[in-house]
Amino acid sequence: AQSVTQPDIHITVSEGASLELRCNYSYGATPYLFWYVQSPGQGLQLLLKYFSGDTLVQGIKGFEAEFKRSQSSFNLRKPSVHWSDAAEYFCAVGPLEDGGFKTIFGAGTRLFVKA
Amino acid sequence: DAGVTQSPTHLIKTRGQQVTLRCSPKSGHDTVSWYQQALGQGPQFIFQYYEEEERQRGNFPDRFSGHQFPNYSSELNVNALLLGDSALYLCASSLGRFSGANVLTFGAGSRLTVL
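Sequences listed follow chains A and B, in order. Its first residue numbered 2, the first sequence is counted upward by one per residue in the numbering used here. Its first residue numbered 32, the second sequence is counted upward by one per residue in the numbering used here.
Chain A extracted, bound-state conformation:
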């Protein structure tokens, strides 16, 4: 079955430090891959997406992600974290092998930023 795994439930980084959030997927073909961010009490906002082409994609707020087919990974990175980046981050995959239309989400990684 298709799945998205985010191995880290929560991560704490110091402000100004670099960040990498991990995401692994299980999917037969090259999927469409997304990273969304959710601030407390808010819906999800798209950070970036990968459909095809260059495997390093740039997103909003200084985030980037790299698609690695050999590792079935799509890790999110940021060179210097700001306190306002504290939020929950979700990796997502769509569409699925059954020809369906849904996007499926990982369990999320909560990012804490310390001063």
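Treat the hints with caution; some may be incorrect.
[What the hints assert, rightly or not] Calculated pairs, PhoX-like style, for lysine-lysine (alpha carbon to alpha carbon, straight line, at most 25 Å):
hint, chain 1, residue 1, chain 2, residue 2
1, A, Lys69, A, Lys50
2, A, Lys50, A, Lys62
3, B, Lys44, A, Lys62
4, B, Lys57, A, Lys50
5, A, Lys115, A, Lys62
The hints are simulated quantities; they were obtained by calculation from the structure and are not laboratory data.
Let chain A serve as the given structure and place chain B on it in line with the hints.
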């Protein structure tokens, strides 16, 4: 440009009651998906509506039903509420027949508490 709007933002029900949640998609979008997000978890796909029909359903019981209106707005109905239905219900809109690759635009959600 209005994004996705959901109502109500918060509501409290008791077990066995019924609830209706509403969603207006982003202007120009024609597809609405509903997700359930339990505390500390990622969003779980409930179903998706396109052209006023449910075109895909997730692993949710028949107590969960929906509707899409000609103006693309949508309702989620949950009957015979259980304590486990307490969650944030997210509506997401997108555009196009093939929504797998389309970016989801989320509302802020409706927080349902079942007592």
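Going through the hints against the structure:
For the given pair, Lys69/A sits about 14 Å from Lys50/A by alpha-carbon distance, which is consistent with the 25 Å threshold. Between Lys50/A and Lys62/A the alpha-carbon distance is near 14 Å, which keeps this suggested pair within the 25 Å criterion. The suggested pairing of Lys44/B with Lys62/A is violated, with an alpha-carbon distance near 38 Å, which exceeds 25 Å. Taken as a hint, the Lys57/B and Lys50/A pair is honoured in the structure, with Cα atoms around 19 Å apart against an allowance of 25 Å.
With a CA separation close to 18 Å, the supplied pair Lys115/A and Lys62/A stays within the 25 Å bound.
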